[in-house]
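Trainee: Turn these sequences into a full structure, and let the hints steer you where they fit.
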Amino acid sequence: MFLISDDYLDRVALVCNDGYIVTYKELKWLVNDFSTYLDERSLIFLLGSNDLDSLVCYFASMDSGVVPLLLSENIKDDQLNNLIDIYSPKYIFSKRVLNNDLYLLKDNFRKSNLFSRDEAHDAKLHDDLALLLTTSGSTGSPKLVKLTKENIKSNAESISEYLKIGCDDRAITSLPFNYSYGLSVINSHLFSGGSIILSNSSMMEDKFWKSINDHSATSIAGVPYNYEMMLRLGIDNLDIPTIKKMTQAGGKLNYLKAKKVNDSLRLKGIDFYTMYGQTEATARISYLPCGNIDKKPNSIGIPIPGGKLWLEDEQGSKISDSMVVGELIFEGANVSMGYAESINDLSSEDVNKGILRTGDLAYFDEDGYYFIEGRNNRFIKVFGNRISLDSLEKLITTKGFDSIATGVDDKIVLYVIEVSNLSVADLRREVSESIGINMIAIKVTPVDDFPRLESGKINYKALNS
Amino acid sequence: MTNKEKYNKVFVDCFVVSEDQLNENFVYQCIPAWDSVGHMGMIAGLEDAFDIMMDMEDIVDFESYTVGIEKLKNYDIVVD
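Residue numbers (the working numbering), protein chains in the order written: chain Y, 1 to 465; chain D, 466 to 545.
In short, the hints are calculated from the structure, not lab data. Only a predicted model underlies this, so the values are computations on that prediction, with no experimental measurement involved. Glycine included, every Cβ here is placed at the ideal spot set by N, Cα and C. A hint or two may mislead.
To be verified - Some, not all, of what chain D presents toward chain Y, calculated at C-beta under 8 angstroms:
1) S501
2) G506
3) A514
4) M521
5) D526
To be verified - When the alpha-carbon atoms are kept at most 30 angstroms apart in a straight line, the in silico DSSO-like pairs for lysine-lysine are as follows:
6) Y:K210 x D:K538
7) Y:K353 x Y:K252
8) Y:K461 x Y:K381
9) Y:K260 x D:K536
10) D:K474 x Y:K207
11) Y:K95 x Y:K76
12) Y:K443 x D:K471
13) Y:K124 x Y:K25
14) Y:K244 x Y:K268
15) Y:K207 x D:K536
16) D:K538 x Y:K443
17) Y:K207 x Y:K245
18) D:K536 x Y:K257
19) D:K469 x Y:K76
20) Y:K296 x Y:K308
21) Y:K245 x Y:K411
22) D:K538 x Y:K411
23) Y:K153 x Y:K95
24) Y:K443 x D:K469
25) D:K471 x Y:K411
26) Y:K244 x Y:K207
27) Y:K210 x D:K536
28) Y:K268 x D:K536
29) Y:K153 x Y:K244
30) Y:K95 x Y:K106
Mentor: Have a look at this one:
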């Protein structure tokens with residue numbers, strides 16, 4: 001089976017939402033059985049969540065040479081249909097009924113349905129292509145990251161090495177399955193013979209904390225917002241005696257909060273790791289070795305085992321001095337093949353060749369620890385979701401407004417030109433529902449016109465002031 | 466403002482709903498705005514409005530508009 005060794009057959013692989021235990025042997029059996037329904041090299045849209053059905057479909061696809069695009073099971077119909085128009089997948093795996101006449105129900109698997117379309121499907125897939133993940137998923141952008149089996153395996157192996165994940169480790173799913181960080185937790189634990197507690201509950205629910213204690217979880221992963229939730233709940237009072245490790249990625253947790261979390265977890269005997277990564281590198285790029293939060297505040301740490309980091313200046317020359325800012329470049333076996341924006345891109349060659357320009361600006365200190373200074377592209381992270389501000393503007397155009405999207409992490413600010421027959425208050429709710437980001441993070445400011453520079457370009461500085 | 470008005474205002478502001486939607490059927494995840502992020506925002510709003518700090522147990526058990534009224538009693542806040 002993909003990623004998973006036969007050495008662990010008698011061990012527990014999954015603890016399902018209802019408490020049902022699945023061993024590796026049973027998982028393998030379910031995956032083999034499901035594989036028989038997937039009969040040609042093609043694309044599958046996997047509308048999934050953290051449950052047995054989604055994991056079986058994921059592994060069966062990988063074993064059958066069927067390339068899954070992982071999507072949230074709550075994806076909006078219009079976004080789904082747009083992706084179907086562009087990529088024309090042979091299969092769709094979903095718990096819900098599809099509002100699309102091209103697809104017919106082929107079979108049921110437990111609580112899910114496998115749909116397929118009959119007409120000839122002529123997407124050519126590159127031999128190495130194995131998995132597709134969204135870049136700015138929630139805006140419905142069709143830009144996808146193309147990953148190979150080698151990408152996934154090497155990243156799982158590397159994560160397993162630096163986090164020392166072994167057979168006795170058991171992670172609870174606290175992030176979406178279709179999110180690269182969430183998937184990396186699953187991949188690295190199953191690669192190592194550990195186990196996964198499948199949960200779709202949030203940290204704001206009693207069920208989440210109860211699952212941890214009922215099933216003896218040893219590890220929790222979270223984006224910055226999850227740690228803010230724990231701080232709000234009172235991290236000192238969290239009663240989670242079986243937890244040994246906690247990890248944070250998906251954006252920057254500021255030093256004061258990271259320190260508070262670290263100090264509190266240390267008293268509980270929990271190792272806390274802050275990490276950095278991108279979907280373009282499968283998931284993980286660097287990590288701060290445990291115990292360094294006070295010594296290296298705000299650092300993204302050192303490259304993962306097997307990876308290399310360096311900086312380049314604007315002329316593309318490598319920076320050799322410490323404390324000098326340049327673009328952060330990563331090299332490793334986990335660097336994706338590149339992006340797809342159309343069906344034709346699925347057959348194209350690996351353009352990255354193991355080297356990723358991250359778009360982040362960084363420097364390193366005299367000990368070789370890296371620090372992010374800023375970004376040279378228009379992305380922000382909101383509750384761990386990467387949001388492309390350009391895609392967001394396109395989305396708002398479809399709702400009848402001209403807009404400028406700006407923002408900082410966990411806060412989107414939309415400047416819109418008011419239109420007489422449309423409501424700005426409705427826009428806030430509609431954008432929130434379209435991108436699946438809570439309204440709390442979205443501010444809509446009506447303006448008469450956008451400030452521009454003499455060149456005619458938008459003057460972002462004037463907007464933010 | 467009465468406690469009831471304060472309590473309702475937190476829900477109205479946080480979830481952008483009208484006051485007549487607030488009843489025993491107004492529960493966690495009944496609308497997209499009341500997800501885990503909205504929950505945290507609402508708790509922060511209540512803590513500010515009533516000048517209290519809520520315990521974890523009350524935060525994670527706060528599953529509806531009406532349950533919340535019961536939870537606030539733990540802080541000597543009577544909403545009626």
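Trainee: Let me make sure I understand: some of the numbered hints might not hold for this structure. Which ones are they, in numerical order?
Mentor: When the structure is compared with the hints, numbers 3, 13, 16, 19 and 22 turn out to be violated.
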